[in-house]
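Colleague: Chain residues, written in single-letter form:
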Amino acid sequence: MTRYIIQRVLQLVPVIIGISIVTFLMMMLIPGDPVLLMLGQHITPQTAENVRHGLGLDQPMLTRYAHYMWNALHGDLGRSYIQHQAVSQMLADKIPVTFRLTMVAMVIAVTFGVLIGILSAVKQYSFLDTFATLFALTGVSVPTFWLGMMLQLLFGVILHILPVSGTGGEGFHLQNYLLPGFALGFASMAMYVRLTRSSMLEVIRQDYIRTARAKGLSSRVVIFKHAMKNALIPVATQAGMDFAGLMGGAILTETIFSLPGIGSMLFNAITRRDYPVVQGVTLFLALVFVLINLLVDISYAVLDPRIRYD
Amino acid sequence: MSVNDDTSKTFESYETTSAFRDTWVRLKRNKLALFGLFLVVSLILIALLAGIIAPYDPIQIALKESLRPPSLAHLMGTDVLGRDIFSRIIYGARASLIIGVVATSISLFIGVLVGAISGYYGGWIDSIMMRVTDVFFAFPFFILAIAIMTFLGPSFINIFIALGIVGWTNYARLIRGQVISVKESDYVEAAHAVGAKDARIIWKHVMPNTLAPIIVYTTMNVGGVILAEAGLSFLGIGVQPPAPSWGLMLAEASNFIFNAPWMVIWPGVAIFLTVLGYNLLGDGLRDALDPRLKQ
Numbered sequence: 058m059t060r061y062i063i064q065r066v067l068q069l070v071p072v073i074i075g076i077s078i079v080t081f082l083m084m085m086l087i088p089g090d091p092v093l094l095m096l097g098q099h100i101t102p103q104t105a106e107n108v109r110h111g112l113g114l115d116q117p118m119l120t121r122y123a124h125y126m127w128n129a130l131h132g133d134l135g136r137s138y139i140q141h142q143a144v145s146q147m148l149a150d151k152i153p154v155t156f157r158l159t160m161v162a163m164v165i166a167v168t169f170g171v172l173i174g175i176l177s178a179v180k181q182y183s184f185l186d187t188f189a190t191l192f193a194l195t196g197v198s199v200p201t202f203w204l205g206m207m208l209q210l211l212f213g214v215i216l217h218i219l220p221v222s223g224t225g226g227e228g229f230h231l232q233n234y235l236l237p238g239f240a241l242g243f244a245s246m247a248m249y250v251r252l253t254r255s256s257m258l259e260v261i262r263q264d265y266i267r268t269a270r271a272k273g274l275s276s277r278v279v280i281f282k283h284a285m286k287n288a289l290i291p292v293a294t295q296a297g298m299d300f301a302g303l304m305g306g307a308i309l310t311e312t313i314f315s316l317p318g319i320g321s322m323l324f325n326a327i328t329r330r331d332y333p334v335v336q337g338v339t340l341f342l343a344l345v346f347v348l349i350n351l352l353v354d355i356s357y358a359v360l361d362p363r364i365r366y367d
Numbered sequence: 010m011s012v013n014d015d016t017s018k019t020f021e022s023y024e025t026t027s028a029f030r031d032t033w034v035r036l037k038r039n040k041l042a043l044f045g046l047f048l049v050v051s052l053i054l055i056a057l058l059a060g061i062i063a064p065y066d067p068i069q070i071a072l073k074e075s076l077r078p079p080s081l082a083h084l085m086g087t088d089v090l091g092r093d094i095f096s097r098i099i100y101g102a103r104a105s106l107i108i109g110v111v112a113t114s115i116s117l118f119i120g121v122l123v124g125a126i127s128g129y130y131g132g133w134i135d136s137i138m139m140r141v142t143d144v145f146f147a148f149p150f151f152i153l154a155i156a157i158m159t160f161l162g163p164s165f166i167n168i169f170i171a172l173g174i175v176g177w178t179n180y181a182r183l184i185r186g187q188v189i190s191v192k193e194s195d196y197v198e199a200a201h202a203v204g205a206k207d208a209r210i211i212w213k214h215v216m217p218n219t220l221a222p223i224i225v226y227t228t229m230n231v232g233g234v235i236l237a238e239a240g241l242s243f244l245g246i247g248v249q250p251p252a253p254s255w256g257l258m259l260a261e262a263s264n265f266i267f268n269a270p271w272m273v274i275w276p277g278v279a280i281f282l283t284v285l286g287y288n289l290l291g292d293g294l295r296d297a298l299d300p301r302l303k304q
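Residue numbers (this note's numbering), protein chains in the order written: chain F, 58 to 367; chain L, 10 to 304.
Do not take every clue at face value.
Said to hold, decoys possible - Examples of chain F residues toward chain L, derived with CB under 10 Å: (1) Ile-78; (2) Pro-88; (3) Val-92; (4) Gln-103; (5) Phe-188; (6) His-217; (7) Pro-220.
Calculated from the structure, these hints are not laboratory results. Here a beta-carbon is modelled for each residue, glycine too, at the ideal position from N, C-alpha and C.
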């Protein structure tokens, strides 16, 4: 087991170096001179030169990369051009909101997705099953941000039972996260319905389930105790990987529901061309994505001993 | 005589049964897939015939007509600049379709190249190419597209580049796997034996066997790319005003959700139906092309 973990961690090293190279090179994509973009066209060549030197932009590429990597390893992701604040500090301030939103989305998606998926597998070909299959196909086609706006319209104009924007002040106010969480988690929910349904259908045809039924156990015990345990393994794997994806998808949701998280921060940085912030957030989210995948792989190996021998 | 006739008929119909025909026969039985096909074909026709169908110029500003609710004159109402939403939706189909198809083609091209070379040659070429694929795969799809668009700056060509670059990794992995599984087969060995060149073997003998999963994935991918384009345009780094794009229309509508809900509803419905069309068609194609893949 330890060997497997060490092996997986070592495999990550080249990927993480690659990620840092890609994010580093992004700055090269900017058309024109970044210093002029930053300070405007009306500065003297001397000032431009000083700023360029101050930022280390006059150094050779390799030196600049080494510098970038060294800083990143120490948690320094650069400074915002606009707010003159460390990107890492800005991220630390925004993470709680994004994390809460992602968690709420995840809980909604998994709970309803798994429940509908199981019911639809147990009552295969029923009306509910047809409905669930249709939902699974349509759910992934709805644009998240449009769904968010539709929910705002529905709850802001007609229902008035949930707040349609903002976090509701300091701390965690669940009611403020319900609509954005639902919008963000909707597509994932549809995916879980599909995944749970097909995995459940496979499991309930296996011998040990027949044995359990033959022993005279009630249907509920067989489905929820015996079958669900195995049927949920692929769902758990998917959920782990989905979490990082949801954090990425949160950018649109946060913008619409005025939630001050990483997504809103990224949106502001995009509109103001605050390149270091975009670069820092991209690097951060890619690292989160990779680390979560690692955790998923390891926990999968712990749960299912067959994996380790591959 | 009649017996002879029958035999020849059977023989003929046997001969004309191609893989394409089989697929079509199976696809026809799937109502949802047919509905998907209908949506996709409608989108293509609307995009092609936009100039004929649209009642108004999609970018003509008419401030006197600002924020009119749906009526006979303006079927879907007008936006804040008085532009006809129905006409903008129709022209918006062009942007979605072009970006969906071109960006997917770029991903497909890079993915086929990387996947085929990687899988066919193996060894260190494979190792290097797969590590590069891993790196691109490590980024959340939408975030990488956002980053590339921010740095490149918004333009039509850059959308192709950004969405093309972020989408190729899945193709590369898919094709590499397929190539590895067929390259050891007897008929590829036979092709080697008669002296066929590598490029010819890959193109003529290996690739046709990887076609089914590629067609399925590509179909669904077009839908995904259209969703991503809408997201980018919504954030202001995709299609630029005054061009009609569904994502951009939603961005323009976001300040008028409560005053002019028609501005919000229609572009979303258009995106939804388009993406749904590609997803249903892709799903149906998976079952029709290879019944073994059916979930």
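Colleague: For every hint, state whether the structure bears it out.
Modeller: For each hint, the structure was consulted:
1. Ile-78: holds, 8 Å
2. Pro-88: holds, 6 Å
3. Val-92: Because about 15 Å separates Val-92 (chain F) from the closest Cβ in chain L, which is outside the 10 Å limit, the hint is violated.
4. Gln-103: Result: violated, 27 Å to nearest chain L Cβ.
5. Phe-188: violated, 13 Å
6. His-217: Hint on His-217 (chain F): violated, closest Cβ of chain L at ~12 Å, above 10 Å.
7. Pro-220: violated, 14 Å
Checked against the numbered hints above, the structure violates hints 3, 4, 5, 6, 7; every other hint is satisfied.
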